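Q: Line by line, the protein sequences give chains A and B.
Going by the working numbering, the first residue of the first sequence is number 37, and it counts up by one from there.
Going by the working numbering, the first residue of the second sequence is number 37, and it counts up by one from there.
Each hint should be verified, as a subset may be incorrect.
It does not matter which identical chain is meant; a pair holds if it fits inside one copy or across any two.
Quick list of in silico lysine-lysine cross-link-like pairs, DSSO-like style, CA-CA up to 27 Å [claimed, not checked]:
{"no.": "1", "residue 1": "191", "residue 2": "298"}
{"no.": "2", "residue 1": "123", "residue 2": "391"}
{"no.": "3", "residue 1": "80", "residue 2": "165"}
{"no.": "4", "residue 1": "402", "residue 2": "61"}
{"no.": "5", "residue 1": "196", "residue 2": "291"}
{"no.": "6", "residue 1": "84", "residue 2": "205"}
{"no.": "7", "residue 1": "205", "residue 2": "142"}
Keep in mind the hints are simulated off the structure, nothing from the lab.
Since this is a predicted model, take the numbers as computed values, not measurements.
There are 2 protein chains.
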Amino acid sequence: MDKMKKYSELYKEELLGNIIPFWMKHSKDNVGGGYFTCLDQHGKVFDKDKFIWLQGRQVWMFSMLYNNVEARQEWLEMAEHGADFLKKYGRDAEGNWYFSLDQHGKPLIQPYNIFSDCFASMGFAALYKANSKDEYADIAKNTFENIINRRNNTKGKYNKIYPGTRDLKNFSLPMILSNLSLELEHILDPKLVNTLIEDVIHEVMEVFYQPESGLILENVYQDGTFADCFEGRLVNPGHVIEAMWFIMDLGIRIKSQPLIDKTIEIALNAIEYGWDKDFGGILYFKDIKGYPPQQLEWDQKLWWVHVEALVCMAKAYHVSGNERCKIWFEKLHEYTWKHFRDAEYGEWFGYLNRKGEVLLPLKGGKWKGCFHIPRALYQVWKTLEHEPANLVALK
Amino acid sequence: MDKMKKYSELYKEELLGNIIPFWMKHSKDNVGGGYFTCLDQHGKVFDKDKFIWLQGRQVWMFSMLYNNVEARQEWLEMAEHGADFLKKYGRDAEGNWYFSLDQHGKPLIQPYNIFSDCFASMGFAALYKANSKDEYADIAKNTFENIINRRNNTKGKYNKIYPGTRDLKNFSLPMILSNLSLELEHILDPKLVNTLIEDVIHEVMEVFYQPESGLILENVYQDGTFADCFEGRLVNPGHVIEAMWFIMDLGIRIKSQPLIDKTIEIALNAIEYGWDKDFGGILYFKDIKGYPPQQLEWDQKLWWVHVEALVCMAKAYHVSGNERCKIWFEKLHEYTWKHFRDAEYGEWFGYLNRKGEVLLPLKGGKWKGCFHIPRALYQVWKTLEHEPANLVALK
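Model the full structure from these sequences, guided by the hints.
A: Below you can see the structure in the form of structure tokens.
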């Protein structure tokens, strides 16, 4: 068997034999509804709060498995279990999604964070594919419209930036929209999807992308120029790499070879830039001018950065046959499986220090849930299942 | 010479020979006004934004030196240089202090953070002692009144907590008020000062203090009971230790030996609880139940934690003669001077990783300015100048 195909088998086995059973076993809250995500090394619940990002993402994950892997009833039930909780408790009177709820669904943190809405919308859209209740499509669509309406001031009254002095825009929203545009394609007007795709490609590849460095910045002036301040100098290599596979998927969708080539080039730049030459792994944050970043966690190694990089390099290699992508895939594979995977108690660690030692022994928390690792395992499995080949249709 | 007295000399020399000259040389912004605080290892400015916490604290620092060490004109000028900038640009129309401004004083971040007001008030109050312009006293007093008015919802409209589900209160404000009450004594109504002192002692020593653990929590329910959530489980040992020397000072002020004894007991608990048995130094955050904290920087070693612990143990030893305090002072001294001090380029580093290696090579930034280190050096110098002795007046 071809070596890359062996990886495909391995990633499939890890997804279905380790990760998904872990969340099936430990995360369902049969008392309060929804999912527990704060799970210690053994899977034991150490905190019962419900974070909307992670609730929505887990609904998406189990729906996606049901839709794309196998129509297992237990997966659909798990997705609907989370969706029921979200539907009942997740939104304020205006339809904005709270940031967090307590175990029983009472709101804790107000809807200041639009990514709650993004992941809720994504979850309900995937669930609608699995079980086409109109209600699910409506929630996904209404939430999406609300995101579009809020996109110019996503934090609303919680926005602490004084207007007019230094109006920056942030990379996270266009990045998520590049993924959402495909995730929601089946419930949106095709014209809207096309406009959206055009728009996010422009934002990511022309506004946020900086030709001088070959990298993407987290925050730029409205016209895409560089702002010499903490926010403006910030590079989050993991964000760049993850965004590049989102845009690569869009490149395949719109059949644009130059776009695909560009995403591979930028992704390789970001991996090389973010790679820690001293201790291995990809750094969490860097300052583009080499100054001390304000993020104290800048030198840590995070699970999502590494698994998204694996997805990106697997896709890049598959679509281009570029050997550099294969080399990086294998290097990332080695680091990631060695340091993040917990061979003893299942699932993977999320947070390592610079040297690759476990910083927090949790399997899930406020930000790590049932999402990046299983999605990445699925993506690598599916991508490497078939022989690497340029996309014939694009040639 | 007595060993503790030698420390006094050393701390004085470090303050006047290293730290203060560093800030005199590198931090004055003669173009935009106020102070640069983002200084790299060599003292070079790497970012020009002005953070109100640090502007106010530096005004305080130079005023305090002028008031208490020596009436050097250059120190008064330095203080007034920062005060002019603050006065002109620091407040919104309602007198709330912004969080940050750009180099030339244009507001960047709205007044969501009441500690900006606390440090501005403290700065102007100290400056009024040095140069008794009514204007300085007015700014300090008006700001202080505003703090008191805002104390039940310090973040105002920027408060993201949903009311009623889990109403916690946070330790930071009573902690700062315990220090402010003495810092502003000369400009406030004595009755107000007495009420305030009584109030903060009650808050810190009865509401936030937890008899079972012997520690102080960062967030508790309104009645002081324990909240089993990320915020409620959080211990910031450095905060506890710093607060204990503030309250110890109040204990001396109100001549209460039991209060002084209690602060020493809690401070020793906090140091022992926070001390990193594996690598030395005091950890930044811990979860009281031993769960993973949400702060990714939990295992780092921060300058302010260590220098405030030095102040606390010096004062505790001086006021009680307790040998445990002396032992801790010396252990802390050894760790702190070895790891934080930069023998090569002056001043001290602020952020170390768990192993005591430099994490960010800066001398000043968004949160580290001309404050904790010089204040601590001054406090240790003055405290250990005289023989250790119980306070005769209290016996």
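Q: Each hint: holds or not?
A: Here is what the structure says about each hint:
1. 191 x 298: neither (32 Å within a copy, 44 Å between copies)
2. 123 x 391: neither (42 Å within a copy, 46 Å between copies)
3. 80 x 165: Intra 32 Å, inter 57 Å, cutoff 27 Å: neither.
4. 402 x 61: within (19 Å within a copy, 44 Å between copies)
5. 196 x 291: neither (41 Å within a copy, 43 Å between copies)
6. 84 x 205: Intra 34 Å, inter 20 Å, cutoff 27 Å: inter-copy only.
7. 205 x 142: Between copies only: 19 Å across chains, 32 Å inside a chain, cut-off 27 Å.
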